[in-house]
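Q: Starting from the given sequences, assemble the full structure and let the hints guide the process.
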Amino acid sequence: MTTPYPQDHSEQVEQTSIGELIGNISDDLSQLFRQEVELAKAEIKQEAAKAGKAAGMLGGAGFAGYLAVVLLSFAAVFGLDAVMPAGWAALIVAAIWGIIGAVLYANGKKRLKTVDPMPRRTVDTIKEDAQWLKNPTG
Numbered sequence: 002m003t004t005p006y007p008q009d010h011s012e013q014v015e016q017t018s019i020g021e022l023i024g025n026i027s028d029d030l031s032q033l034f035r036q037e038v039e040l041a042k043a044e045i046k047q048e049a050a051k052a053g054k055a056a057g058m059l060g061g062a063g064f065a066g067y068l069a070v071v072l073l074s075f076a077a078v079f080g081l082d083a084v085m086p087a088g089w090a091a092l093i094v095a096a097i098w099g100i101i102g103a104v105l106y107a108n109g110k111k112r113l114k115t116v117d118p119m120p121r122r123t124v125d126t127i128k129e130d131a132q133w134l135k136n137p138t139g
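Numbering (this note's numbering), first residue to last: 2 to 139.
Don't read these hints as lab results, they were simulated from the structure.
A portion of the hints provided could be inaccurate.
[As the list claims (entries may be wrong)] Okay, the calculated beta carbon distance ranges per label pair:
1) W89 / K114: 37 to 47 Å
2) R112 / G20: 30 to 40 Å
3) S27 / G57: 39 to 49 Å
4) D28 / G102: 38 to 48 Å
5) L113 / M85: 38 to 48 Å
6) V104 / V38: 39 to 49 Å
7) G60 / A83: 33 to 43 Å
8) N136 / S27: 13 to 23 Å
9) K46 / M85: 53 to 63 Å
[To be verified] Result set (DSS-like, lysine-lysine): computed pairs, CA atoms no more than 30 Å apart in a straight line:
10) K54 / K111
11) K114 / K42
12) K51 / K111
13) K111 / K46
14) K128 / K51
15) K135 / K54
16) K114 / K46
17) K114 / K128
18) K128 / K42
19) K54 / K110
20) K111 / K42
21) K51 / K110
22) K54 / K114
23) K51 / K135
24) K42 / K135
25) K110 / K46
26) K110 / K42
27) K42 / K54
Beta carbons: idealized from backbone N, C-alpha and C, even for Gly.
A: Structure follows, in structure tokens:
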């Protein structure tokens with residue numbers, strides 16, 4: 002049984018034209034570029050999801066804090082009004098909610114700092130690809 006290709010690889014390489022080799026390299030580089038773009042998209046999507054979650058937490062904390070301040074403040078002021086003047090009761094309640102809001106803000110800000118908009122893995126692989134193109138033998 003004979004195959005359409007030569008058995009000896011050196012004969013196959015000799016039969017391959019320069020144009021075919023350049024075409025193969027061009028195809029390989031195009032495929033590599035497409036893969037790098039897909040990797041970058043995946044990384045950016047992942048980081049955007051982290052940013053969205055952090056922003057959602059900050060927004061939720063703000064809204065929940067607002068509702069809590071309004072409703073619980075009235076209840077606390079009315080409760081403290083039984084033992085002290087209403088002005089002092091309102092001031093104490095406002096200070097407590099201010100502290101809670103500051104803690105929520107600090108936690109949300111800390112989470113937002115973990116978001117990395119740079120697709121690091123893609124940058125690393127592109128650098129490796131460029132290094133390989135400069136010196137393909139290693």
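Q: Decide, hint by hint, whether the structure agrees.
A: Status of each hint after checking the structure:
1. A hinted range of 37 to 47 Å for the beta carbons of W89 and K114 is consistent with their spacing of about 38 Å.
2. One distance hint, 30 to 40 Å for the beta-carbon pair R112 and G20, is violated here, with the actual separation near 55 Å.
3. For S27 paired with G57, a C-beta distance near 45 Å keeps the hint of 39 to 49 Å intact.
4. For the pair D28 and G102, the beta carbons lie near 58 Å from each other, so the given range of 38 to 48 Å is not met.
5. About 39 Å separates the C-beta atoms of L113 and M85, a value consistent with the hinted range of 38 to 48 Å.
6. At roughly 41 Å, the beta-carbon separation of V104 and V38 lies within the given 39 to 49 Å, and the hint holds.
7. The beta-carbon spacing between G60 and A83, approximately 36 Å, falls within the hinted interval of 33 to 43 Å.
8. Our hint of 13 to 23 Å for N136 and S27 holds, since their Cβ atoms are close to 20 Å apart.
9. Checked against the hint of 53 to 63 Å, the C-beta distance between K46 and M85 comes to roughly 54 Å, which is consistent with it.
10. Only pairs whose Cα atoms come within 30 Å are accepted, and K54 paired with K111 is accepted, the gap being roughly 13 Å.
11. The suggested pairing of K114 with K42 holds, with an alpha-carbon distance near 21 Å, which does not exceed 30 Å.
12. Among the hinted pairs, K51 with K111 is consistent with the structure: their alpha-carbon atoms are about 12 Å apart, no more than 30 Å.
13. Among the hinted pairs, K111 with K46 is consistent with the structure: their alpha-carbon atoms are about 20 Å apart, no more than 30 Å.
14. Among the hinted pairs, K128 with K51 is consistent with the structure: their alpha-carbon atoms are about 26 Å apart, no more than 30 Å.
15. Restraint check for K135 and K54: the C-alpha separation of about 41 Å exceeds 30 Å, so the hint is violated.
16. Between K114 and K46 the CA atoms are separated by roughly 17 Å; this keeps the pair inside 30 Å, and the hint holds.
17. Distance hint between K114 and K128 is fulfilled; the C-alpha atoms sit about 26 Å from each other, no more than 30 Å.
18. Straight-line distance between C-alpha atoms of K128 and K42 comes to about 17 Å, which keeps the hinted pair within the 30 Å bound.
19. With a C-alpha separation of about 12 Å, the suggested pairing of K54 with K110 holds against the 30 Å cut-off.
20. The hinted pair formed by K111 and K42 meets the criterion: a straight-line CA distance of about 25 Å does not exceed 30 Å.
21. For the hint pairing K51 with K110, the CA-to-CA distance comes to about 13 Å; that is within 30 Å, so the pair holds.
22. Using a Cα cut-off of 30 Å, the hinted pair K54 and K114 holds, with the two alpha carbons roughly 12 Å apart.
23. The straight-line distance between the Cα atoms of K51 and K135 is roughly 36 Å, outside the 30 Å bound, and the hint therefore fails.
24. Simply put, K42 and K135 have alpha-carbon atoms about 26 Å apart, close enough for the 30 Å limit, and the pair holds.
25. Taking the CA atoms of K110 and K46, the gap is about 20 Å. The hint holds against a cut of 30 Å.
26. Restraint check for K110 and K42: the C-alpha separation of about 25 Å stays at or below 30 Å, so the hint holds.
27. Distance check on the hinted pair: K42 and K54 sit about 18 Å apart at the alpha-carbon level, within 30 Å; holds.
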